[in-house]
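Protein chains: 2
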Amino acid sequence: MLGKTRDTLLTVEGKRMALILTNEDVEQVLTMKDCVSVVEEAFIDLGRGQGVNIPRTDVLIPSARSAGLTYYPKIMAGATRRSGVFALRINSDLWADATERMVRVSIESEAQNKFCALVLLYSIDTCELLAICHSGFIQRMRVGATGGIGAKYLARKDAATVGLIGSSWQAGAQLLALREVRNITQVKVYSPNRERRTSFAEEMSKILGVQVRPVDTARECVRNVDIVDLATSAREPVIDGKWLEEGVHVHCIQPMELDNETFLRSNVVVSNVRPFGSTGEYPYIQVFNMGEVSRERQNIPGTPHLSVNWDNTPGLSELILGQVEGRTADKQITLHLNNVGVGIQFAAVGAKVYELAKEKGVGKEIPREWLLQAVQG
Amino acid sequence: MLGKTRDTLLTVEGKRMALILTNEDVEQVLTMKDCVSVVEEAFIDLGRGQGVNIPRTDVLIPSARSAGLTYYPKIMAGATRRSGVFALRINSDLWADATERMVRVSIESEAQNKFCALVLLYSIDTCELLAICHSGFIQRMRVGATGGIGAKYLARKDAATVGLIGSSWQAGAQLLALREVRNITQVKVYSPNRERRTSFAEEMSKILGVQVRPVDTARECVRNVDIVDLATSAREPVIDGKWLEEGVHVHCIQPMELDNETFLRSNVVVSNVRPFGSTGEYPYIQVFNMGEVSRERQNIPGTPHLSVNWDNTPGLSELILGQVEGRTADKQITLHLNNVGVGIQFAAVGAKVYELAKEKGVGKEIPREWLLQAVQG
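Quick mapping for you: the protein sequence lines, in order, are chains A and B. If you're matching positions, the first sequence starts at 131 in the numbering used here and goes up one per residue. If you're matching positions, the second sequence starts at 131 in the numbering used here and goes up one per residue.
Derived by calculation from the structure, the hints in this document are not laboratory data. No incorrect hints appear here.
One copy or two, it doesn't matter: identical chains are merged, so the pair holds either way.
30 Å max Cα-Cα, derived DSSO-like pairs, lysine-lysine:
no., residue 1, residue 2
1, K204, K494
2, K490, K336
3, K163, K494
4, K163, K282
5, K204, K488
6, K163, K461
7, K336, K282
8, K336, K287
Could you build the full structure based on these sequences and the hints that come with them?
Shown next, in the form of structure tokens:
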């Protein structure tokens with residue numbers, strides 16, 4: 131993926147710089163078209179043994195700052211040979227445990243930038259730290275793109291209408307990605323806040339150039355559509371599986387948005403990757419919990435209400451490479467659990483961002499020499 | 131550990147900066163005395179559930195640059211509440227597979243700084259990325275300090291003489307640390323290169339203010355000493371266990387330096403931490419191997435020649451807290467396997483370095499705002 135950039139790195143003389151790329155920088159260069167393309171390649175590479183993925187690692191540490199605050203970093207990492215990049219995504223968040231579940235607490239900040247989540251991009255050819263990127267926009271795009279790839283391989287070929295639950299920044303990315311893989315002609319959107327879903331619909335109508343219509347209930351939203359897309363932060367089901375119509379493709383960002391009925395009615399269920407071990411009810415994440423934070427209060431998806439056999443849920447790589455069967459009939463219901471971040475997504479998207487940023491001269495520079503040392507330690 | 135700095139971080143108005151700390155910066159502020167102290171605290175905290183440690187994660191990726199080159203990043207992470215820091219150490223290395231085992235390949239560099247290994251320090255109170263440090267000097271000091279702590283709890287109280295095998299930068303740190311925990315009066319040093327061991331002895335004599343004497347054989351080096359300290363990069367035994375005398379404390383950086391006899395003759399064997407799982411012959415490290423790199427050619431310690439029951443080897447925390455028995459008689463032989471890096475070491479040492487660097491105005495600054503974003507993604 132580094133293409134020309136890779137050669138340049140190896141041959142150019144003189145001072146080389148590492149980039150710091152803000153969300154604004156990333157937004158300026160990265161299109162959803164490119165993003166869907168490189169993320170799909172990454173899943174193909176992973177399936178072919180040309181990529182490697184490190185399970186998400188969550189760490190829970192009671193903060194000494196005050197009771198009920200938990201420091202909660204998350205690490206994801208992965209690489210593909212094609213991208214030429216090893217990526218490490220590090221979220222650094224505080225969660226307040228005062229309410230029924232933890233919520234993120236912002237860093238006190240003199241400016242509006244209050245969250246610390248970074249993607250480090252290393253060259254697998256030269257070992258250099260190529261760039262330190264804000265994670266936010268990459269995060270939005272890689273989740274969106276992955277939803278799009280699920281739909282590309284699972285939705286009916288003629289799928290054209292979408293019922294979207296959720297009106298967040300992330301929900302918008304889902305629509306951008308679906309448009310890359312299907313000829314989307316109509317979208318309904320529901321979220322509990324009327325004002326928010328209305329302004330979302332207006333904004334997305336303009337961006338997409340297709341009608342995005344706010345509706346008053348989730349039930350109405352998923353009626354008579356080809357794709358049901360759940361993109362909320364809800365921790366309880368947002369639809370009733372009985373509402374699903376034959377032939378629909380369902381996508382969710384986290385399984386907690388689903389009820390059991392949705393699982394039971396789905397003919398095909400695919401996750402992003404196979405679990406890495408049989409270590410619990412949700413074996414996608416390694417958790418190192420120093421304190422007393424209960425599982426329910428963690429942001430770790432728990433799905434005790436769902437009768438899912440995680441060990442038998444294949445990953446996108448297998449679906450794309452035809453190693454598992456996808457949709458085999460128009461009336462089937464398909465389900466994509468876009469439920470856990472995969473390090474290779476950051477490698478693929480990060481490499482593309484880096485390539486484009488170098489091409490276009492975007493980003494702040496710091497001397498590479500600052501990040502290198504004379505000893506191996 | 132952040133002490134005053136912690137308060138400052140939380141209350142000061144105006145622009146805040148993240149630090150970039152080079153090895154030279156770290157060397158300028160960090161003493162072995164401080165290092166032994168904070169690393170010991172970290173092991174105590176880990177044992178008391180006030181610290182958390184993420185097993186070392188190794189990733190092997192065949193480089194696309196040329197056949198026989200393997201990109202090999204390593205990740206370690208950990209935190210203690212006392213330090214206030216979550217640390218992430220990332221090595222980014224290329225290894226050449228052309229010889230019988232892999233060796234590190236340097237980054238092409240216009241300067242002498244050719245290696246990329248960094249420690250990221252995050253505040254567990256504010257989530258901020260406090261600093262990005264070169265890893266080299268911290269690495270040297272934390273390994274040295276940990277050897278010293280092992281000797282503090284396992285060597286005879288009157289231990290005063292050392293036989294050191296190895297004359298590297300790391301070997302020197304062992305002596306600095308041993309001096310912090312025992313009244314060292316004499317040191318012998320052996321390494322295969324006569325010139326090197328001679329100049330090492332001269333240099334360390336001056337630094338320590340005690341006689342460091344080069345000797346011609348390993349056999350002679352370990353004769354009639356209280357502490358046998360192995361600090362080499364050898365991948366086969368460098369001493370014969372039959373040479374060990376009653377009452378000696380043995381330290382090694384990696385078990386491959388030892389023969390079976392040393393294990394069999396040791397009354398007490400302690401590692402840095404207990405293994406995290408029963409996943410193989412050396413269950414301290416999680417390995418994600420994308421390619422065809424054989425175990426022998428990896429830098430992952432393999433100990434097929436040693437009859438060690440890793441599951442029954444306690445960690446330093448247990449020893450320090452008295453949860454396992456250490457030396458109970460002067461004539462016993464004790465053995466400390468300082469064999470795997472522990473994330474909390476980087477948190478403890480990193481926090482100390484950060485505190486001192488802030489105090490003394492050391493380091494390059496980059497605006498904290500560059501590393502923060504407005505969204506949570």
